[in-house]
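Undergrad: Chains as they are written, first to last, in my numbering: chain U, 1 to 258; chain Y, 1 to 258.
It is possible that part of the hints are untrue.
List time: in silico DMTMM-like cross-link candidates among lysine to aspartate or glutamate, alpha-carbon distance up to 20 Å [to be verified]:
1) U:LYS163 - Y:ASP49
2) U:LYS163 - Y:GLU234
3) U:LYS107 - Y:GLU234
4) Y:LYS197 - Y:GLU239
A short list of chain Y residues far from chain U (calculated; beta carbon distances all over 12 Å) [as the list claims (entries may be wrong)]:
5) GLY6
6) ASP10
7) ASP87
8) HIS153
9) SER165
10) SER167
11) ASP181
12) GLU185
13) LYS197
14) GLY228
15) SER238
16) LEU243
17) GLU247
18) ALA250
19) GLN256
Hint data in this document are derived by calculation from the structure and do not stem from the laboratory.
Quantities reported herein were computed from a predicted structural model and do not represent experimental measurements.
Positions of the beta carbon are idealized from the N, C-alpha and C atoms, including for glycine.
2 protein chains.
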Amino acid sequence: MKDPAGIQFDDARKHAVAELKLPGVRHELPDLPTSFTELHIEQGPRLIDGGLQIGLVTAIVGQRRYTVTVRGIANHAGTTPMNDRADALQRAVDLIVALRNAASQLKSDLTFTVGEMHVSPNTSNVIPGLVTFTIDCRNNDEAVLDQFEHLIHQIVETPSHAKISSSVNRWAESNVTHLDDQLLENNQQLVDHLGFKSVQLASGAGHDSQIMAKVTRTTMIFVPSINGISHAPEENTSEADLLHGVELLAASLHQQAY
Amino acid sequence: MKDPAGIQFDDARKHAVAELKLPGVRHELPDLPTSFTELHIEQGPRLIDGGLQIGLVTAIVGQRRYTVTVRGIANHAGTTPMNDRADALQRAVDLIVALRNAASQLKSDLTFTVGEMHVSPNTSNVIPGLVTFTIDCRNNDEAVLDQFEHLIHQIVETPSHAKISSSVNRWAESNVTHLDDQLLENNQQLVDHLGFKSVQLASGAGHDSQIMAKVTRTTMIFVPSINGISHAPEENTSEADLLHGVELLAASLHQQAY
Chain U
1 MKDPAGIQFD DARKHAVAEL KLPGVRHELP DLPTSFTELH IEQGPRLIDG
51 GLQIGLVTAI VGQRRYTVTV RGIANHAGTT PMNDRADALQ RAVDLIVALR
101 NAASQLKSDL TFTVGEMHVS PNTSNVIPGL VTFTIDCRNN DEAVLDQFEH
151 LIHQIVETPS HAKISSSVNR WAESNVTHLD DQLLENNQQL VDHLGFKSVQ
201 LASGAGHDSQ IMAKVTRTTM IFVPSINGIS HAPEENTSEA DLLHGVELLA
251 ASLHQQAY
Chain Y
1 MKDPAGIQFD DARKHAVAEL KLPGVRHELP DLPTSFTELH IEQGPRLIDG
51 GLQIGLVTAI VGQRRYTVTV RGIANHAGTT PMNDRADALQ RAVDLIVALR
101 NAASQLKSDL TFTVGEMHVS PNTSNVIPGL VTFTIDCRNN DEAVLDQFEH
151 LIHQIVETPS HAKISSSVNR WAESNVTHLD DQLLENNQQL VDHLGFKSVQ
201 LASGAGHDSQ IMAKVTRTTM IFVPSINGIS HAPEENTSEA DLLHGVELLA
251 ASLHQQAY
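Please construct the entire structure, taking both the sequences and the accompanying hints into account.
TA: See below:
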């Protein structure tokens, strides 16, 4: 990835880090803050779609990521009869449909995403012999993630064809982070007092708060992001909504400090 | 692609072509052969699985290749609610299932292969915004290919979601080639006289015969390929089956010449 001036992302990153002129790392942190408050755009559409000004974050979802590997037998697309194929892509497609159905039947707000897929040899006139795809799933209840993990194994590991095998590997996991209930309640009272329309919600994305919650009482405030877009050039929030967030942040910090 | 000595495929190809010391191209071909006979391995499993020695080729299948393009909206896998997604991969998966079902319901020996698939941005934590996949289909009846092409358009172009569109593009086509009926009948009599077990079948792969059939009477003889493998290092045919093929070829050429 290069910017318009042809500078590699990693070079720009190293340059920026070098410019920070970091002091020596402090191995001891005797003066931990007594609380941490993060103000952020929602990165999703719930506030903007609901005509709300503020989101008060109850928890940051737990995430698990998996790769499913399907091994069949690559062969000639013209000369291999349909009933004599071990087509890894067709099996992968059936697995994705079954996993999607299982996810939707959990009746929770589990998110389920197949974002990455690789087909081999990936040529129009060859039956695919190997397919891998990823699963990203998130929820604010570990029990739901456990339940879905059980279903993933059940679906992927049930044999379907003598010459096709499939397996699943979990390669990333982060637990649910519950933010501070007392700070949440205080923020709710402040929001109501300020007259902003608000909702309490879990964050589907990871945040700094996730790290800070391990060492101190942590709370988090969302403002709407237009069309729910984030990490893209179109990311935007109205000036009015930015000011609502700042107003609540100031009130909350004042309350925490005095 | 390099061989074990590190020579690029394309360099080896150019070297081989240069070594041919080709004479000047003849722009006129006054002395066309009166017939053309091709001996080839089957490249499929029908002869080997059926315990047969000879395949007599009736036709070379017509092929059509398409690319299906599905455009959704790429978005964050964690913060985008399930009911607010325009997931191009999930739509592509549904299309592949529908196309596969349509192909199998044609009750012909149409081959249907999705060999190549590209997902964008192809990252585990991003909902795919763009997916393309290919369709390779083949049959020895143009009417069946026409019928399936009609179904492809119907399936792909039926709207399913306000924010997802899909389209199909045919980028390759070759018509069914019917080989010579009289030569086929003569070969059948010779095979029966020689006592070889045989079957008449269409070829699912393209062959030189396809080109020659345009200028002269053409026929084609298959011998079994072990496990139906072709275009791979494991491609093999037993010595006995090679000799059956040569025996029939010699008898056929003798009959054609005298």
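Undergrad: All hints are to be evaluated individually against the structure, with a verdict given for each.
TA: Hints versus structure:
no. : hint                : result
1   : U:LYS163 - Y:ASP49  : holds, 17 Å
2   : U:LYS163 - Y:GLU234 : holds, 18 Å
3   : U:LYS107 - Y:GLU234 : violated, 50 Å
4   : Y:LYS197 - Y:GLU239 : holds, 16 Å
5   : GLY6                : holds, 22 Å
6   : ASP10               : holds, 18 Å
7   : ASP87               : violated, 8 Å
8   : HIS153              : holds, 19 Å
9   : SER165              : holds, 18 Å
10  : SER167              : holds, 17 Å
11  : ASP181              : holds, 23 Å
12  : GLU185              : holds, 24 Å
13  : LYS197              : holds, 19 Å
14  : GLY228              : violated, 7 Å
15  : SER238              : holds, 18 Å
16  : LEU243              : holds, 23 Å
17  : GLU247              : holds, 24 Å
18  : ALA250              : holds, 26 Å
19  : GLN256              : holds, 27 Å
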